[in-house]
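Engineer: Chain residues, written in single-letter form:
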Amino acid sequence: MNFDDTPEEARFRAEVRAWIDANAPKQLEAELKRASFASSGIESMDPMAASKAWQKKKAEGGWACLHWPKEYGGRAASPIERVIFGQEEGVYGALSGPFIIGHGMCGPTVMAWAGEAHRRRLLPPLASGEEIWCQLFSEPAGGSDLAGLRTKATKADDGSGDWIISGSKVWTSGAQHSQWGLLITRTDPDVPKHKGLTMFFLRMDSPGVDVRPIKQANGQSGFNEVFFNDVRIPDDQRLGAVGQGWEVSLTTLMNERLSIGSGMSNGFPELFRYCLETEIDGAPATDDANVRSKLAQFAVRQSGLKYTGMRAISALSKGETPGPENSIGKLVAGANMQELAMFALDLQGQAGVVWDADSPQNGRFQGMLMRSPATRIEGGSDEILKNIIGERVLGLPGDIRVDKTVPFKDIPTSGRSKA
Amino acid sequence: MNLDFSDDQKALQEQVRRFLAEKCPTSAPRAILEGPEPYDRALYAGLAELGVLGVAIPEAYGGMGLGHLELCLIAEELGRAIAPVPVSSSIYLCAEFLLLAGSEAQKQAWLPKLASGEAVGTFAYVESSGRVKPEGIKASLKDGRLTGAKTVVPDGDVADVAVVLAKGPGGLSLCLVDLGGPGVKRETLETIDPTRSYAKLTFDGAAAEPLGATGDGWGLTDRVIDRAAILMAYEQVGGADKALEMARDYALERMAFGRQIGSFQGIKHMLADMYVSATLARSNCYYAAWALSTEAAELPVAAATARVSATTAFQHCAKNNIQVHGGMGFTWAFDCHLYYRRSNALALALGSLSTWESLLIERMSAGNAEAAA
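Heads up: the sequence lines are chains A and P, in that order. At position 342 of the first sequence (counting the first as 1) the number is 342 in my numbering, and the numbers step up by one without a gap. Each position in the second sequence, counted from 1, maps to that position plus 419 in my numbering.
Isolated chain A (complex conformation):
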């Protein structure tokens, strides 16, 4: 039992370290250290330009999407090498924000389901950050119940074989920056819900695509609504067979949940520092029994996640597949962040309500408080994640479903009776 690299890992780490040392945008380091989970922290230049520049440099050096095959812009690196690169990239990893969905979910889906010509055309510019992708899955009528989606794809009646899309998507991160979108649609409402879906990819500048930012509960606009008004997609931009969309989407979602060691920030180091610097009745807050108890529980959750990640990395290092324990990551981090933010404001007393430049740590905890509800929903809500742990890890039976075998069009759409 140790935390040491194998000799091969150490050699790889040295190579990565030397390259990053010679190439990283060090002028941004101080700003990136202030990054929080919702932004890269870059203010001195356009954050997107900073992200694209670093990604391009990585691609030129052969360090972009390094676990992808070389012909698609990667390096054919092993999973453990990917982890080591992430560790060494450190604060500069925050610049990858705009590419997470493309690299983590859309890319692997294209790789698994698109033809070779499309893969060679689409994947290298995705890896290098020249083209950005978004994931057009969730809808007003289908979030956790993704297969309840209603965006419609019908064959054009002009014999071209094209598809005509109408409907809308929500919660689409980065749609305003994207050149491409991965789109799941309903092609057949007469069969049960999971069987009538079909996956496409499309240019986001296609006529009839309308991206509108959503004003979120915390006042920011990271997510969008995307409207499709008779958007035309050629049939060769279909991924998988007609009606196979659910299966294709599982590739995407599985990759979403497999991302290892992403090191989600949960604010504990910042809270601990704040408690060391804050006084209660003339003594450091860390002398207070209640504060200690709360801090200790936050500390062991953060540490438990850290070492759970290291157990997964250890498995990768041995060439094994990590166990299911990694599925707890986002569930714990999301809830922890919210509780932690509430506690930090409580420590500030009545002044905790103030959210301005004079707030402790520049208002970080107020920002966390207001952003954390989304963390508990995006990428699988707490409840969906608990279902996954219950059913796939513990082997419990699925819920009894009333919508699985009936034609989609017959599924009720409102909880209020029409009387």
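Source of the hints: derived by calculation from the structure; they are not laboratory data. Keep in mind it's a predicted model, so treat the numbers as computed, not measured. It is possible that some hints are incorrect.
Stated by the list, open to error - Each computed EDC-like pair below joins lysine to aspartate or glutamate, with the alpha-carbon atoms no more than 20 Å apart: (1) P:429 with A:320; (2) A:294 with P:781; (3) A:318 with P:427; (4) P:552 with A:288; (5) A:215 with A:378; (6) A:306 with P:717; (7) A:152 with A:235; (8) P:552 with A:287; (9) A:294 with P:692; (10) A:306 with P:423; (11) A:318 with P:426; (12) A:306 with P:692; (13) A:318 with P:423; (14) P:561 with P:546; (15) P:604 with P:576; (16) A:56 with A:130.
Said to hold, decoys possible - Partner residues are not named here, just some residues of chain P that face chain A (Cβ under 7 Å, in silico): (17) 682; (18) 690; (19) 780; (20) 784.
Cβ atoms here follow ideal geometry from the backbone N, Cα and C, with glycine treated the same way.
Given the structure of chain A, go ahead and fit chain P onto it with the hints provided.
Structural biologist: The following block gives chain P in isolation, referenced to the frame of chain A:
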């Protein structure tokens, strides 16, 4: 990075698990709960024969000369089986004190007996309720004689020898007391978990030989308690996992409203939460096992981390195990209460949860101050 146990260590764990499945089904702790015996003597002898008691004791003193990683995994199995035996008192505490501070003669005299199970040892330091503090120790040591009282001494009713923390001319010191000698009175205490014994020990001029240097008593106590806390955390992780398994199995088997109750989200999500706390605790325990086996500088922080996490997890899993079982879970006949009792007893052993929470933050703050200096 290799934050994992070796194949040999896992094989040993598997061997101990099979042994306990056969020799220590839940009827074993139940027999101790319901009967007059203070612990399962046959089981203890069997564990000694298997080499389990001496796994981390050097061969020169009658042990197997393996290490603490092996002992961690054994502790996990003992916790899983809620084994009614005095391993934690005799091995995690008494033997560790002897290894750390005993003279050659003391090691020769006692370690082989502890490893063979011929003798049981313990550690007596608590005198009152609340967190144990150096200024609260009143038992006194003078001219090789010990006077005073110690309470909630684990397995104090059956131990042959005790390491005792007492106040002497040179400050707090440790001494070794033969509990079979004159001047020692023992009273068994009634507790929430009779599958493990506790006693009050009263010393009236009992013969006591010094253990370790005069005045080192508190420092040595801190060190051994930290080490024992990691092993205890492994017992808790084992117990938490078993309680989760029991609840999961019942959720699969029990039908209500025409379906398996595990299909209800109210039950499913409770079980998922149990899995989360047990997993966090296990990962923290890996970190602590690494610190223990390498004598890392992080050991005090790692011990408190593992202990807080494992206490939280075992209590959480044991109480919700009863909840998943419903009314059946609150019957004497079902085993849920055995785990509930043990989880709450272990939560207090070696210092309560709030004590360890406090220790963790004290230690992290001190580490932070050092890092800043």
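Engineer: Check the structure against each numbered hint from earlier and tell me which ones fail, lowest number first.
Structural biologist: Going through the list in order, the structure violates no hint and respects every one.
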